[in-house]
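Asker: Now for the letters of each chain:
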Amino acid sequence: MVPRPEEQPGLARVLLVEDDVLIRLLIADELREAGLAVIEAASADEALAYLGAGGHADLVFTDIEMPGTMNGLEMARHLKAWTPSLPLIFTSGKFMPQNVAGLGLFIAKPYSVDRAVQLVLEQLGA
Amino acid sequence: MSRKIVLVVEPEILIRHPLAEYLRECGLEVVEAANPDEARRIIMDGTKTVDIVLADVKSWGDSGFALASWIRTNSPQIEVALAGTLAKTVEKAGELCSEGTSLFKPYDHQLVHDHIRRLLAAKERRDGRT
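Residue numbers (our numbering), protein chains in the order written: chain A, 1 to 126; chain B, 1 to 130.
Think of the hints as simulated: they come from the structure by calculation, not from any bench.
For lysine-lysine, the following BS3-like pairs were computed, each having C-alpha atoms within a straight-line distance of at most 30 Å: (1) A:K109 - B:K48; (2) A:K94 - A:K109; (3) B:K123 - B:K48; (4) B:K105 - B:K58; (5) A:K94 - B:K48; (6) B:K123 - B:K58.
Here are a few chain B residues that sit away from chain A, every Cβ distance over 12 Å (derived from the structure): (7) S2; (8) F65; (9) N74; (10) A122.
As the structure is a computational prediction, the values presented were derived from the model and not from experiment. Ideal placement from N, C-alpha and C gives every residue a C-beta, glycine not left out.
With these hints in hand, go ahead and build the complete structure from the sequences.
Answerer: Here it is as structure tokens:
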């Protein structure tokens, strides 16, 4: 189990999966500013390690192209098998919206940080 | 007064995330890096003025020792705290840290916070003299 001193009641939790640390940092900051709790993962493997250990997320915002044993789409298929209702938002500079059809929403890179945060909030019903 | 910024460098998300959240709850601004390369990018980018780096001595692909040496050369104003599991490596880590002490893993979150507070206090005293 993931140790949970970090549980903050009432805060929706976003699992942010992005291998570019500067993009991850920027988005994580803005999501926290928007009142969300953010779990930062540098790869799909890290994200699955977190969730597999009992970590909770209300939404996953993920890049598609990442180093490691799987990309964001492959990770999403695992997540959908575990939790079909988990909202997913994908981003990529190479893949297209049709690549994520049936899995979640898509926002193309480069994207506006404000737009990304707005999309997350909309999906969370915040 | 702006919040102090701690850069946590740790390859294991199950260790990094709970520690980062604990330190945030203590009022620090925390930036997370999964490896030393990410840490260097954050420091070189300069968007965040990092006060303290907390790193595992054995991180992926590069060691925390190398990161500490790089910081000493390139950003000597940043304090470094290294952590390890073996007494010998922790002792060696202490030689690279300005306060001469380092941390044992697994992390005791309270001890880490106390250590960071001591480093920040020492940094402020030193900065006040210069």
